[in-house]
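A.B. asks: Just so you know, we're using our numbering here: the sequence shown kicks off at 95 and counts up by one.
What the hints contain is simulated information worked out from the structure, not anything from laboratory work. There's no promise every hint is true.
Said to hold, decoys possible - Simulated restraints on C-beta separations: (1) K181 with H328: 28 to 34 Å; (2) L103 with T282: 38 to 44 Å; (3) Y135 with I308: 21 to 27 Å; (4) A257 with E205: 30 to 36 Å; (5) F110 with P207: 22 to 28 Å; (6) A186 with V154: 21 to 27 Å; (7) I316 with L158: 34 to 40 Å; (8) G267 with G136: 32 to 38 Å.
The C-beta atom is built at its ideal place from N, Cα and C for all residues, glycine as well.
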Amino acid sequence: MTATYRFALMTVFVTFILLMVGGTVNPTGSSLACPDWPTCYGSFTPEMTDGVEFEHTHRVVATLVGLLTCILAFMIWRLRTDESSLKKLGLAAVAMVVVQGLLGGLTVIWELPPAVSMTHLALSMFFFSFLIYLCFRLWPGQSEGDGSHSSTPAPRAWAGIAAAAVYIQILLGGLVRHSAAGTACGTTLPWCNGDAWPLAFGGQTQMIHRYGGIIVGIIVVIAAANIAWTALQHKKALAFKLAVISP
95 MTATYRFALM TVFVTFILLM VGGTVNPTGS SLACPDWPTC YGSFTPEMTD
145 GVEFEHTHRV VATLVGLLTC ILAFMIWRLR TDESSLKKLG LAAVAMVVVQ
195 GLLGGLTVIW ELPPAVSMTH LALSMFFFSF LIYLCFRLWP GQSEGDGSHS
245 STPAPRAWAG IAAAAVYIQI LLGGLVRHSA AGTACGTTLP WCNGDAWPLA
295 FGGQTQMIHR YGGIIVGIIV VIAAANIAWT ALQHKKALAF KLAVISP
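With these hints in hand, go ahead and build the complete structure from the sequences.
C.D. replies: So, in structure tokens, the structure goes:
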């Protein structure tokens with residue numbers, strides 16, 4: 095399982111790079127630099143100019159992630175393990191990466207409809223988190239006796255709450271971007287042009303995202319403290335270190 099685990103780690107790393115590359119597409123105004131899909135101006139090797147370098151690079155890395163995910167699922171399928179859930183997780187990862195690719199294509203073909211763009215963002219973050227969970231399941235050090243299934247529901251519950259809160263906050267950030275609310279409040283902080291709750295939709299969207307950031311920050315700190323305290327009691331050094339750096 096060690097080789098499969100390492101391959102899963104590599105897939106997570108390349109997916110992280112994909113998220114970083116994808117994050118450069120919209121801010122540089124390159125979302126429609128390639129007017130067609132899956133080709134770019136009818137070619138798989140277009141001239142990398144006028145924003146094409148951002149959009150096409152995103153597509154290339156996305157294709158690599160799709161290939162790595164398929165290989166990972168195949169490696170998991172061949173594992174000698176009684177855990178059928180692992181194989182199902184591998185197939186689920188393939189299904190998600192296929193849907194994600196189609197959503198990416200639809201954002202271009204339909205010229206950036208906000209609903210599709212938001213769904214594309216939501217699935218990308220869920221897929222990345224899913225791969226991290228898959229890595230944990232494949233980790234050779236994970237066993238029934240390592241404390242992973244110990245009766246400490248509070249830290250696990252707080253970790254889940256914190257993860258959900260961060261996920262929602264990311265989606266709110268995507269809503270700010272795709273609804274063109276990024277500059278609705280100008281450069282004023284912490285209020286929106288002096289208002290705690292502006293009348294305009296863009297300003298309200300921006301303030302929801304700001305208030306959400308405060309709430310998420312509090313939740314993450316509480317979760318980290320809870321997990322760190324439990325990790326100390328159970329002498330889990332790695333869990334303690336991760337909890338300390340998470341805020």
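A.B. asks: Please list, smallest to largest, the hint numbers that this structure does not respect.
C.D. replies: Going through the list in order, the structure violates hint 3 alone and respects the others.
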